[in-house]
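The primary structure of each chain is shown beneath.
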Amino acid sequence: MSNIAVRVENIGKEYNIFKENIKYATLRDKIVNTIKSPMKMLLNPAGSNKFWALRHVSFEIEHGQVMGIIGKNGAGKSTLLKILSRVAEPTEGYAEIRGRVGSLLEVGTGFHPELTGRENIYLNGAILGMKRAEIDRKFDEIVAFSEIGKFLDTPVKRYSSGMYMRLAFAVSAHLEPEVLVVDEVLAVGDAEFQRKCLGKMSDVASEGRTVLFVSHNMSAIQRLTSECIVLDNGQMIMRAPTAKAVDYYLTHDFESGGEHRYTPDEIPNSAAPFKPIAVRVKTAKGITTDNQLSTEPITVEVEYELTADITGLRVGIYLFTSRGEFIFTSFDTDDIAKYNHYRVRKAGHYISRCVIPADMLNEGRFVIGMNASSYMVKRYFGDERALNFNVNSTGAPGMQWVEVRNGPVRPRLDWEIKEA
Amino acid sequence: MVRIYDESKIKVMTTTAIETKKKIDVVTIRPSKGWVGLHLRDIWLYRELVYFLTWRDLKVRYKQSVLGVLWAILKPFLSMVVFSVLFGKLAKLPSDGIPYPLFYFVGNLPWDLFSTSLSVASKSMVTSSNMVSKIYFPRLIIPLSSVMASVVDFLISFVILIGLMIFYKYAPTIGVLWLPVLILLALVTALGVGFWTSALMVRYRDFNYILPFVTQLWLFITPVLYSAKVIPQKWLWLYSLNPMTGVIESFRHCLLGTDFSISPLLMVISILISILMFISGLFYFRRMEREFADMI
Numbered sequence: 001m002s003n004i005a006v007r008v009e010n011i012g013k014e015y016n017i018f019k020e021n022i023k024y025a026t027l028r029d030k031i032v033n034t035i036k037s038p039m040k041m042l043l044n045p046a047g048s049n050k051f052w053a054l055r056h057v058s059f060e061i062e063h064g065q066v067m068g069i070i071g072k073n074g075a076g077k078s079t080l081l082k083i084l085s086r087v088a089e090p091t092e093g094y095a096e097i098r099g100r101v102g103s104l105l106e107v108g109t110g111f112h113p114e115l116t117g118r119e120n121i122y123l124n125g126a127i128l129g130m131k132r133a134e135i136d137r138k139f140d141e142i143v144a145f146s147e148i149g150k151f152l153d154t155p156v157k158r159y160s161s162g163m164y165m166r167l168a169f170a171v172s173a174h175l176e177p178e179v180l181v182v183d184e185v186l187a188v189g190d191a192e193f194q195r196k197c198l199g200k201m202s203d204v205a206s207e208g209r210t211v212l213f214v215s216h217n218m219s220a221i222q223r224l225t226s227e228c229i230v231l232d233n234g235q236m237i238m239r240a241p242t243a244k245a246v247d248y249y250l251t252h253d254f255e256s257g258g259e260h261r262y263t264p265d266e267i268p269n270s271a272a273p274f275k276p277i278a279v280r281v282k283t284a285k286g287i288t289t290d291n292q293l294s295t296e297p298i299t300v301e302v303e304y305e306l307t308a309d310i311t312g313l314r315v316g317i318y319l320f321t322s323r324g325e326f327i328f329t330s331f332d333t334d335d336i337a338k339y340n341h342y343r344v345r346k347a348g349h350y351i352s353r354c355v356i357p358a359d360m361l362n363e364g365r366f367v368i369g370m371n372a373s374s375y376m377v378k379r380y381f382g383d384e385r386a387l388n389f390n391v392n393s394t395g396a397p398g399m400q401w402v403e404v405r406n407g408p409v410r411p412r413l414d415w416e417i418k419e420a
Numbered sequence: 421m422v423r424i425y426d427e428s429k430i431k432v433m434t435t436t437a438i439e440t441k442k443k444i445d446v447v448t449i450r451p452s453k454g455w456v457g458l459h460l461r462d463i464w465l466y467r468e469l470v471y472f473l474t475w476r477d478l479k480v481r482y483k484q485s486v487l488g489v490l491w492a493i494l495k496p497f498l499s500m501v502v503f504s505v506l507f508g509k510l511a512k513l514p515s516d517g518i519p520y521p522l523f524y525f526v527g528n529l530p531w532d533l534f535s536t537s538l539s540v541a542s543k544s545m546v547t548s549s550n551m552v553s554k555i556y557f558p559r560l561i562i563p564l565s566s567v568m569a570s571v572v573d574f575l576i577s578f579v580i581l582i583g584l585m586i587f588y589k590y591a592p593t594i595g596v597l598w599l600p601v602l603i604l605l606a607l608v609t610a611l612g613v614g615f616w617t618s619a620l621m622v623r624y625r626d627f628n629y630i631l632p633f634v635t636q637l638w639l640f641i642t643p644v645l646y647s648a649k650v651i652p653q654k655w656l657w658l659y660s661l662n663p664m665t666g667v668i669e670s671f672r673h674c675l676l677g678t679d680f681s682i683s684p685l686l687m688v689i690s691i692l693i694s695i696l697m698f699i700s701g702l703f704y705f706r707r708m709e710r711e712f713a714d715m716i
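In order, the protein sequences belong to chains R and L. If you're matching positions, the first sequence starts at 1 in my numbering and goes up one per residue. If you're matching positions, the second sequence starts at 421 in my numbering and goes up one per residue.
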C-alpha cells in the first residue's frame with residue numbers, strides 16, 4: 001500500500017453568503033420568497049449569493065509528515081480542516097484519509113458542567129469516537145495527565161478554567177489518532193495551554209503520525225513543520241519547504257509604500273468596537289515609505305477608531321524578520337503610567353505611535369504585525385503581517401567590511417579596547 | 421487539474437481494511453449528491469455514543485434536583501390527580517366504565533412517551549449545535565439518543581401503573597405481551613416526526629414555536645383524556661389514521677380489557693403511516709445532514 005496518509009483532490013467548498021450572515025432563514029422568508037418566485041425557489045433553493053471558500057485544492061501528505069497550512073484570515077484554512085475532519089461536507093472534489101482523524105480544536109466539546117470529571121472523561125471520549133474499553137484502558141493515564149487528582153468526582157463546573165482545560169485536553173490528547181489536525185487560530189486558552197497543545201503536537205509528530213497544523217504563528221510553524229501549503233482566497237498558491245513558504249507568505253502581495261490601509265473586508269465583525277484604519281512606517285523626517293535607514297529612527301504608527309469605550313485596551317506591534325522569526329512585541333500601554341492613564345480608552349479616533357531607535361535593525365526586510373486586545377478578555381483584531389518594509393544599512397556599524405552580518409539586529413555597541 | 425479517481429480501487433482498499441481487521445480504516449470524503457444512503461453501519465459503530473448521551477441526559481436531568489428520579493414518578497402521578505378531578509369528576513368525560521384515574525393513566529403513559537420524545541428529538545440538533553459544528557459522528561445519533569432518556573422515564577412511571585392496577589384490582593389480559601410492540605410503535609411515530617422537525621429546526625427555528633402547539637392539538641385528536649367511543653362513527657376512520665390512537669386504544673385493550681373501537685385494517689394503515697413517516701424522516705434527515713454544520 002502507498003505511504004499517503006491524506007490525499008485531497010480538487011476539493012472545493014461553496015458557502016451561501018445569505019446563510020452565513022443571517023445564520024438561519026425564517027420560515028416566513030421562505031414562504032414569502034416561494035410565493036414571489038416559485039420557479040426560482042425550486043431551481044435554486046439556496047439563493048444566488050454564493051462564494052467559494054475553498055476551490056481546486058489538491059495535495060497529498062505522506063505518512064508521518066507535519067504539514068503547515070498558512071494564509072490570511074478567510075483564506076480557507078479552517079474550512080479545509082473542517083472538511084478533513086468531516087464536520088463540513090465539501091461541495092466538490094474528493095479526499096481520502098487513512099486512519100482516525102483527531103483534532104485539537106474540539107477540546108472539551110460535549111463536556112457537561114453538571115457531570116463529574118470521571119463522567120466527562122467517558123462522555124467526551126465516546127463523543128471523540130473512543131470505545132468504552134479503550135477509555136477504560138487509558139483512564140488512569142488521562143487522569144494523571146490532567147493532574148485533577150482528588151477532583152475527579154467533582155462536577156466540572158466547580159473546576160478552575162485551567163483544570164477544565166487540562167482535563168479536556170487530556171482526553172483529546174489520548175485519542176491517538178493517525179492524523180491529527182490542529183487549528184491554532186481557533187485554539188482558546190492561555191499561553192500555558194497553547195504551549196501544551198504545541199508540545200503534544202510535536203510528540204504526536206515524533207511518534208510518526210501525520211499532523212496538519214494551521215497557525216498564524218510563524219515561529220511555531222517553522223519549529224514544527226518541514227513543509228507548508230499557502231492558501232489565499234480559497235486557492236492553494238504554493239506548496240513548498242517551510243522557509244520558502246513563510247517567506248512568500250510574509251512578503252508577497254503586500255501593500256507597498258510603507259502603509260497598509262485596511263479595507264472593510266479585512267475587518268471581521270468580531271473586531272468591533274475596534275476598527276483599524278492603517279499601519280504605517282515613517283522616516284525621521286516624517287515621510288511614509290517602505291525604505292528605511294538602519295541608522296535613523298523608524299516611526300511606526302497604528303491608526304484606528306474606537307466606536308465604543310474599551311477597558312484595558314492595548315494596541316501593539318510585533319516585529320518579525322521576513323523568515324518569520326520574532327524580534328519583539330511591544331504595546332502602547334507597556335509603560336505603567338500610560339497603562340493607568342488609559343485604563344478605559346474612550347471612543348474616538350486614535351494614533352498609537354512608537355519609534356524603533358536608530359542603529360537597532362540589521363539590513364533586510366522586516367514584517368510588522370499589529371494586535372489590539374484586552375489582556376485575558378478579548379483579542380479584538382490581529383494582523384500578523386500588516387506591513388513590511390525594507391531596511392538599508394548604509395552607514396551602519398561595520399560597513400567597512402563587505403560581508404553579510406547575521407541576525408536581525410545590528411546595534412551600535414560602545415566597544416572599548418584596552419590593553420589588559 | 422481534475423484527476424478522475426478510480427472508484428473500484430478505493431472500494432477494494434476499504435473492504436480489505438475491514439476484512440483484515442486492520443486498525444487503519446480509509447475514510448473517504450466527497451460531496452453527497454441528491455438522496456444519500458442511510459449508512460446504518462456508521463450508527464452501529466457509534467452505538468456506545470448513544471448509550472453515553474442517554475446516560476448523560478439522565479444524569480444531568482436529575483443531578484441537581486432534591487427528589488431526583490422521584491420526579492419521573494411524581495409528575496405523571498400529580499397530573500393524574502389533577503386530570504381525574506377536572507375531567508373525571510367535574511367534566512365527567514366517558515371512560516368506558518373504568519375508574520377515571522386508571523383510564524387516564526393508561527392512556528397518558530404512551531402519550532407522554534410520545535410527546536416528550538417528539539419534543540426532545542425536535543430540539544436535539546439545535547441544542548447539540550456545539551458538538552455538531554466541531555466533531556464528526558453520525559448525526560442521527562443525536563435525535564436517537566435524546567429519545568432514549570424518555571424511554572427510561574416511561575419505564576419508571578410504569579411502576580405507578582402497576583400500583584394503580586393493584587389498587588383498582590385490574591388484571592392485565594394476555595395482550596400485555598403486545599406492549600413492547602406498542603411502545604416501539606409510539607417511539608417510531610415520535611422519531612418519524614422528530615427526524616423531520618429536528619432537521620427542519622436547524623434551518624427554520626420557527627418549528628420551535630409551532631411544535632408545542634401541534635403537540636397540544638394532537639393530544640386532542642388522541643383518546644387520552646376521553647374514550648374513543650365518543651367519536652361519531654362516520655369520522656372514526658379519519659380518527660383512526662392517527663397512529664397514536666391505535667397505540668393508546670391498544671394499550672387500554674391490553675391492560676384493562678376495554679373494547680377495541682377501531683378496525684384492525686385502519687390500525688394497520690396507521691402503522692404503515694408511522695413507518696412511512698419514520699423512513700422518510702430518516703432519509704430527509706440524512707439529506708439535510710450535510711448542511712447542518714454550515715447552518716447551525
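Heads up, a few of these hints could be off.
Examples of chain R residues lying across from chain L (beta carbon under 8 Å, computed) [stated by the list, open to error]: (1) K50; (2) G110; (3) R118; (4) A126; (5) V355; (6) A358; (7) D359; (8) M360.
No lab work stands behind these hints: they were computed from the structure. The beta carbon of each residue, even a glycine, is placed where N, CA and C say it ideally should be.
How the hints compare with the structure:
no. : hint : result
1   : K50  : violated, 12 Å
2   : G110 : holds, 5 Å
3   : R118 : violated, 11 Å
4   : A126 : holds, 4 Å
5   : V355 : violated, 44 Å
6   : A358 : violated, 50 Å
7   : D359 : violated, 50 Å
8   : M360 : violated, 44 Å
Consistency note: the structure conflicts with the earlier hints numbered 1, 3, 5, 6, 7, 8.
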